[in-house]
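The task is simple: from the sequences and hints, build the whole structure.
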Amino acid sequence: MTSVNFISQAKLEGLDSQEKLDFILKEVRKGQILVLEKGLTPEEQTKLIEMTMEKINEKFAGIEMESYVNEKPTLLEKIFGRKKVRLTIIGPADKIKTIYKDKDIIKAVIK
Amino acid sequence: MAMKFSFIAFSIFSHVNSHVKDDFNCARIHLRYRGEYFLTTLKLFDKTYINGYHVLNEMGIFSKLSDWLKSIFGKRHVRIGIYGPPNAGKTTLANRIAQDWSGGIVGEVSEIPHETRKVQKKGGIIIKDGKASLRIDIVDTPGIATKVDFHEFMEYGLDEEEAKKRAKEATEGVIEAIKWLDNIDAVILLMDSTKNPFTQVNITILGNLEARELPVIIAANKIDLDGSTPATLKSAFPQHEVIPISALTGANIDLLYKAMLRKFRRK
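These protein sequence lines map, in sequence, to chains F and C.
For what it's worth, my numbering labels the leading residue of the first sequence as 1, then goes sequentially.
For what it's worth, my numbering labels the leading residue of the second sequence as 1, then goes sequentially.
Worth flagging that the hints you see were computed from the coordinates, not collected in a lab.
Glycine included, every Cβ here is placed at the ideal spot set by N, Cα and C.
Among these hints, one or two may not hold up.
Some chain C residues flagged as far from chain F (calculated, every beta-carbon gap over 10 Å) [what the hints assert, rightly or not]: (1) Asn87; (2) Gln99; (3) Ser102; (4) Gly124; (5) Ile126; (6) Lys147; (7) Asp149; (8) Lys164; (9) Glu172; (10) Leu181; (11) Asn183; (12) Asn208; (13) Glu210; (14) Ile223; (15) Asp254.
To give a feel for the contact side, a few chain C residues facing chain F, derived at Cβ under 10 Å [to be verified]: (16) Thr146; (17) Ala167; (18) Lys168; (19) Ala236.
Rendered as C-alpha cells:
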C-alpha cells in the first residue's frame, strides 16, 4: 500500500536545508509520497536531484517531483529576484506519474 | 561614448606604464575595443616593486576596473552551457553551432535517451553578425532528469548489462551537468516544443538560472516536427526570450545567433 503524507510548513521550517532533503529522500525511498506545504526552492530541488542520482540503483529509479511557483511574486520577492515555491509533490518514480501539469494544475496518478 | 571611455582607460594605463621599470616581472593586460588591441601587453607591476600593486589589488581596484571595462565594451568571450532534459536536442544544437562557425562536431547523437553522459566542450568558436562578434566556448551537458530507469534503455534494444551501465553513467552525467552550472557564463535552455513545457526539470533549471542571475535564452527546438507548439513555450515563460528553432534542419538558427550576440555579449 502506498501512503501519501502531507508535511506541514512548521515541520519543514524546523529543519535546515540538508536535513530537509535527507528527510525527503529517506521517506521517498521507503515508498512514501510527500506533499510539502512549503515547496522546495530551485536550489534545494537541484540538490535533491543530485542526491537522488547518487542513490539510484536497480530497485530505486529516482523520483517524480512537481511544484508550483508563485507567478505573482511579492514586492520583496521581486527585489530579490526569487519566486516563492508554493507546494511540492515528491514520490518514487515507480509509484507516481505526472500525467498533466500547467501553471495551475498538477494531475498525477499513483500506481 | 564608448570611444571616450576607451581613451580614458588608455590614459590610465599609460600613466601606470610610465612607472614601470624594465626588470619587472610583468602582469599583462589586454585592452580590446572593437576587436583591436589598444594595448597588446602592458607591463604593470612587480612583487618587488611595490607595494602599490598589492595594495590596489587587495582593494579590488583591478577587478573593479576589469568589470567596469567589460560593462562598457561588452563581454566578448563567454562559456555557454546548453542545458535541458534528455532528448531535447542539445548535442544536435551544439553540433549545429560548431559546424556553422568552426567545423567539426561536439558529440554523437542518438534516439536513445542519455546519449550524452559526460560534458562535452568545444572552445574558440566565433559567431558573428555584421560587425558584432562573440567568442564562445560551447558546453554540451548531459540531460537533466529526476529519474533514470535502466528498463527504459532495454526498450531501445540494449541488453540488461548495457542498460544498467548506461543508467549508471547517466546518473553521473546529471550530477556533472548540475556542477557545471558553477562554471558557465550564460545558458541556452533547450526545450522540446512538441512536449509540455511545464516539466519539473525545466522549472528547476530556470529557477536555478534566475537565482544565479545567469543570462538565458530558451530555444524551443524541433519546430520541424508535427505537433510543435513554440507559442506554448512563449506563454509558459513570458519573462524569458524564447526562440523557436530546429537544430536538426537549421530553421531559425540565425535568430538564435542574433539573440546570443545581443544577450550574451553583456553579462
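To see whether the hints hold, each was checked on the structure:
The Cβ of Asn87 (chain C) lies farther than 10 Å from every Cβ of chain F, with a closest approach of about 16 Å, so its non-interface assignment holds. Distance to chain F confirms Gln99 (chain C) as a non-interface residue, since its nearest Cβ pair spans about 31 Å, more than 10 Å. The non-interface label for Ser102 (chain C) is consistent with chain F: the shortest C-beta to C-beta separation is roughly 31 Å, beyond 10 Å. In this structure Gly124 (chain C) is separated from chain F by more than 10 Å, as the shortest Cβ-Cβ distance comes to about 30 Å.
With a least beta-carbon separation of about 32 Å from chain F, Ile126 (chain C) lies farther than 10 Å from that chain, consistent with its non-interface assignment. Residue placement check: Lys147 (chain C) does not keep its beta carbon more than 10 Å from all beta carbons of chain F (closest about 3 Å). Distance check on Asp149 (chain C): its Cβ comes as close as 4 Å (rounded) to a Cβ of chain F, failing to clear the 10 Å threshold; non-interface status is violated. Remark: the non-interface label on Lys164 (chain C) conflicts with the geometry, its nearest Cβ contact in chain F lying 7 Å away (cut-off 10 Å).
Separation of Glu172 (chain C) from chain F is inadequate, the least Cβ-Cβ distance of about 7 Å not exceeding the 10 Å criterion. Non-interface call for Leu181 (chain C) relative to chain F: violated, since the shortest CB-CB distance, roughly 8 Å, does not exceed 10 Å. Taking the minimum C-beta to C-beta distance to chain F, about 15 Å, the non-interface status of Asn183 (chain C) holds against the 10 Å cut. Residue placement check: Asn208 (chain C) does not keep its beta carbon more than 10 Å from all beta carbons of chain F (closest about 5 Å).
With a cut of 10 Å on Cβ distances, Glu210 (chain C) falls inside the contact zone with chain F, its closest approach being about 6 Å. With a minimum CB-CB distance of about 21 Å to chain F, Ile223 (chain C) clears the 10 Å threshold, and the non-interface call stands. Non-interface status of Asp254 (chain C) relative to chain F is upheld: no Cβ of that chain comes within 10 Å, the nearest being about 31 Å off. For Thr146 (chain C), the interface hint holds, the least distance from its beta-carbon to any beta-carbon of chain F being 5 Å, beneath 10 Å.
Among the interface hints, the one on Ala167 (chain C) holds; its C-beta lies about 7 Å from the nearest C-beta in chain F, closer than the 10 Å criterion. For Lys168 (chain C), the shortest C-beta to C-beta distance to chain F is roughly 8 Å, which falls under 10 Å, so the interface hint holds. Because the beta carbon of Ala236 (chain C) sits about 7 Å from the nearest beta carbon in chain F, less than 10 Å, this interface hint is met.
In the structure shown, a violation is registered for the earlier hints numbered 6, 7, 8, 9, 10, 12 and 13, in ascending order.
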